[in-house]
Amino acid sequence: MSELDQSTTERAARGEGGVAILAVDLEKEFQDPERGKVRAVRGVDLDARYGEIYGLLGPNGAGKTTTLRMLATIIAPSGGRAAIDGVDVTRDPLEVRRRIGFLSGSTGLYPRLTGRETLRYFGGLHGLEGEALDRRVDEVIAAFDLSKFVEGRCESLSTGQSSASTSPAPSCTTRRCSSSTNRRRASTSSPRAT
Amino acid sequence: MSTGSQWSAALAVARKELREGLRDRQTVLYTFLLPVAMYPVLFWVMVQGALLVRGQKDATNVRVELRADPAERETFLEALTRADDLAPLVGDDAASAPGGSLEASSEADADPNAEPAPAQGAAPRSEPSPTGRTRSPVGRLDVDAPPEDLDAEAPDLAFAAARLAADDDLGALVVVPRERHDDAPVIAYHDSTRSRSSIAVERVRERLAAYANEVREAAARARDVDIAALEPLEVRSRDLATSEEEGALALSLMLPMLLIVMAVMGSFFPAVDLTAGEKERRTAETTLLLPIPRTAVHLGKILAVSTSGMIATTLNLVALGLSAGHLLGQLGADVEVKLPLSALAAVAPLALLFVFFVSAVLTGFAGLAASFKEGQALLGPVQMIFIFPAMAASLPGLGLTYGTALIPVVNVALAFRELLVGHAELGPVLVTAAALFVYALVALRISVRILSREGVALAGETIPLKRLLGLLKGDGDTR
Numbered sequence: 000m001s002e003l004d005q006s007t008t009e010r011a012a013r014g015e016g017g018v019a020i021l022a023v024d025l026e027k028e029f030q031d032p033e034r035g036k037v038r039a040v041r042g043v044d045l046d047a048r049y050g051e052i053y054g055l056l057g058p059n060g061a062g063k064t065t066t067l068r069m070l071a072t073i074i075a076p077s078g079g080r081a082a083i084d085g086v087d088v089t090r091d092p093l094e095v096r097r098r099i100g101f102l103s104g105s106t107g108l109y110p111r112l113t114g115r116e117t118l119r120y121f122g123g124l125h126g127l128e129g130e131a132l133d134r135r136v137d138e139v140i141a142a143f144d145l146s147k148f149v150e151g152r153c154e155s156l157s158t159g160q161s162s163a164s165t166s167p168a169p170s171c172t173t174r175r176c177s178s179s180t181n182r183r184r185a186s187t188s189s190p191r192a193t
Numbered sequence: 000m001s002t003g004s005q006w007s008a009a010l011a012v013a014r015k016e017l018r019e020g021l022r023d024r025q026t027v028l029y030t031f032l033l034p035v036a037m038y039p040v041l042f043w044v045m046v047q048g049a050l051l052v053r054g055q056k057d058a059t060n061v062r063v064e065l066r067a068d069p070a071e072r073e074t075f076l077e078a079l080t081r082a083d084d085l086a087p088l089v090g091d092d093a094a095s096a097p098g099g100s101l102e103a104s105s106e107a108d109a110d111p112n113a114e115p116a117p118a119q120g121a122a123p124r125s126e127p128s129p130t131g132r133t134r135s136p137v138g139r140l141d142v143d144a145p146p147e148d149l150d151a152e153a154p155d156l157a158f159a160a161a162r163l164a165a166d167d168d169l170g171a172l173v174v175v176p177r178e179r180h181d182d183a184p185v186i187a188y189h190d191s192t193r194s195r196s197s198i199a200v201e202r203v204r205e206r207l208a209a210y211a212n213e214v215r216e217a218a219a220r221a222r223d224v225d226i227a228a229l230e231p232l233e234v235r236s237r238d239l240a241t242s243e244e245e246g247a248l249a250l251s252l253m254l255p256m257l258l259i260v261m262a263v264m265g266s267f268f269p270a271v272d273l274t275a276g277e278k279e280r281r282t283a284e285t286t287l288l289l290p291i292p293r294t295a296v297h298l299g300k301i302l303a304v305s306t307s308g309m310i311a312t313t314l315n316l317v318a319l320g321l322s323a324g325h326l327l328g329q330l331g332a333d334v335e336v337k338l339p340l341s342a343l344a345a346v347a348p349l350a351l352l353f354v355f356f357v358s359a360v361l362t363g364f365a366g367l368a369a370s371f372k373e374g375q376a377l378l379g380p381v382q383m384i385f386i387f388p389a390m391a392a393s394l395p396g397l398g399l400t401y402g403t404a405l406i407p408v409v410n411v412a413l414a415f416r417e418l419l420v421g422h423a424e425l426g427p428v429l430v431t432a433a434a435l436f437v438y439a440l441v442a443l444r445i446s447v448r449i450l451s452r453e454g455v456a457l458a459g460e461t462i463p464l465k466r467l468l469g470l471l472k473g474d475g476d477t478r
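If you read the sequences in order, they're chains A and B. Count the first sequence with numbering that gives the first Met the number 0 and you get residues 0 to 193, in order. Count the second sequence with numbering that gives the first Met the number 0 and you get residues 0 to 478, in order.
Any given hint could turn out to be false.
As the list claims (entries may be wrong) - Just so you have them, the derived chain B footprint on chain A, three or more residues with Cβ under 8 angstroms:
id, segment
1, 88-98
2, 106-119
3, 131-144
Don't read these hints as lab results, they were simulated from the structure. All C-beta atoms in this analysis are idealised placements derived from N, C-alpha and C, irrespective of residue type, glycine included.
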């Protein structure tokens with residue numbers, strides 16, 4: 000994690016200087032009924048530039064997933080600031096979600112929808128409709144080679160097919176930042192700025 | 000392995016399973032809590048419902064019309080109105096006093112020989128009883144006693160039906176036959192499908208029975224004969240309700256409860272599936288990543304749950320309407336069961352609001368659970384907050400008033416009942432609809448707030464109900 004000076008931070012927070020993902024002194028506290036206040040993340044600084052693959056490494060419980068969840072606006076930071084593509088995650092989480100793709104071990108596919116229905120659902124909520132939506136879904140199916148199982152329900156997919164189907168869901172619309180985590184690789188998480 | 004060893008091993012397994020099972024919230028709930036708590040709660044609700052019914056009946060003012068020859072009129076007017084001692088008393092005796100107070104307001108005022116009686120519709124009054132206690136001003140029985148002579152023929156069924164149909168406030172028509180020496184009974188015409196009419200006829204029978212008993216006792220003493228040797232005054236009540244109206248009443252007692260149960264059951268599983276089930280399927284985080292406001296996400300879920308509940312309720316109504324008449328007809332009862340489309344149409348808007356209210360409540364609670372199984376266990380007791388009041392509301396005698404229209408669940412059950420019978424008054428039904436709308440909005444707001452909490456949306460374990468208030472007060476909304 001790099002130390003950022005004030006002006007660089009301000010520029011990065013505005014999406015300037017080629018910084019796609021920015022976190023400054025990011026913090027997360029939870030209120031645990033048994034343990035009281037728990038500081039899950041403290042003082043995280045990072046900046047990932049467009050085109051970079053950024054590895055976030057740490058032991059179990061270090062706060063990697065929590066950090067990524069804050070960047071993805073799934074949860075709100077308790078302190079510090081973060082911006083994706085120049086959009087503050089606290090001030091405009093909706094716009095952040097429109098611009099990112101996020102995959103983790105806990106982002107499952109809706110089992111009772113088919114692959115195509117899943118893609119249409121995400122595409123529709125990202126503002127695509129009509130022919131544009133159909134075209135984009137077909138493009139994604141072709142790009143990720145999903146045609147063999149895209150008409151079946153996601154619950155019937157094998158583990159490999161499921162992984163293959165999960166990746167394109169966020170790709171139904173054009174995005175500049177994506178993140179995926181893979182717990183099988185020694186707790187490695189990797190935000191990717193594209 | 001010897002038999003003893005097998006038993007020993009089996010006991011070890013049983014101990015382990017019990018230890019594990021007793022650490023399971025559902026097992027504890029259904030093994031200990033529910034058996035211990037259910038009956039006291041059930042009986043408490045039933046007693047409260049019965050007290051509510053009795054209180055409402057005692058407090059209801061009813062009016063009857065007395066038709067009798069002038070010679071008999073004063074006697075029966077007195078019999079019906081002299082039961083002041085039966086009036087509920089304010090104070091320690093209030094609970095033990097049966098029946099309502101009795102006042103006479105008589106069209107016989109036109110008769111110069113008649114005793115002056117308070118004008119009909121006069122403001123209820125409180126006055127000291129002969130024992131110095133204050134008489135409650137509620138639960139009057141007003142008696143109209145037209146001065147004209149009876150026709151050669153006593154008023155018949157058709158006449159009574161016309162009188163009750165012409166005057167909605169009239170509870171019963173009491174006809175004393177001209178030739179009472181033939182032991183012809185006094186007839187109280189009423190409409191059993193109207194709660195006010197049932198109360199009126201019950202009060203008339205009570206008063207006349209008390210009066211007749213006194214007369215018989217006095218006569219027996221005067222003649223020095225056994226009271227059993229004297230013919231009692233016979234009072235017959237004759238129901239003017241048609242078999243179709245009775246069928247509607249039977250349905251109206253049964254259907255509200257069924258409608259409420261079906262609305263709850265129709266919303267139950269979708270509520271669990273779309274919240275706790277989503278966490279179990281690991282799609283909760285996927286949903287939180289949707290590029291739409293979280294309020295829209297949770298509102299969408301509640302709408303989906305409501306739709307399921309509404310479909311279940313509608314299909315149940317239709318199936319019941321199609322089958323009830325045929326199946327109940329086979330019982331040979333003199334009751335014609337029909338479910339007219341107009342009744343269904345009248346019930347539908349309230350049912351829609353109610354299902355929305357139920358769905359918001361159930362979805363909010365189900366969101367606290369971490370898995371489908373725990374969601375089911377959590378909603379088991381929660382659904383009782385709908386079913387118990389519905390049971391209480393199905394007790395006969397309780398009616399929809401402006402007061403009961405504000406009690407959640409009870410109001411909708413009573414409104415369903417009165418709409419199905421066709422006796423609903425517009426005012427209380429509108430108040431019920433407005434109250435339901437407000438309750439549904441409040442439930443929706445609270446549920447969305449609960450579901451939006453980070454601690455709820457991503458909880459790895461079921462959140463105890465005792466933390467519910469903390470969840471509503473604290474920070475940490477997902478956005």
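#### Entry: Hints the structure fails to honour
3
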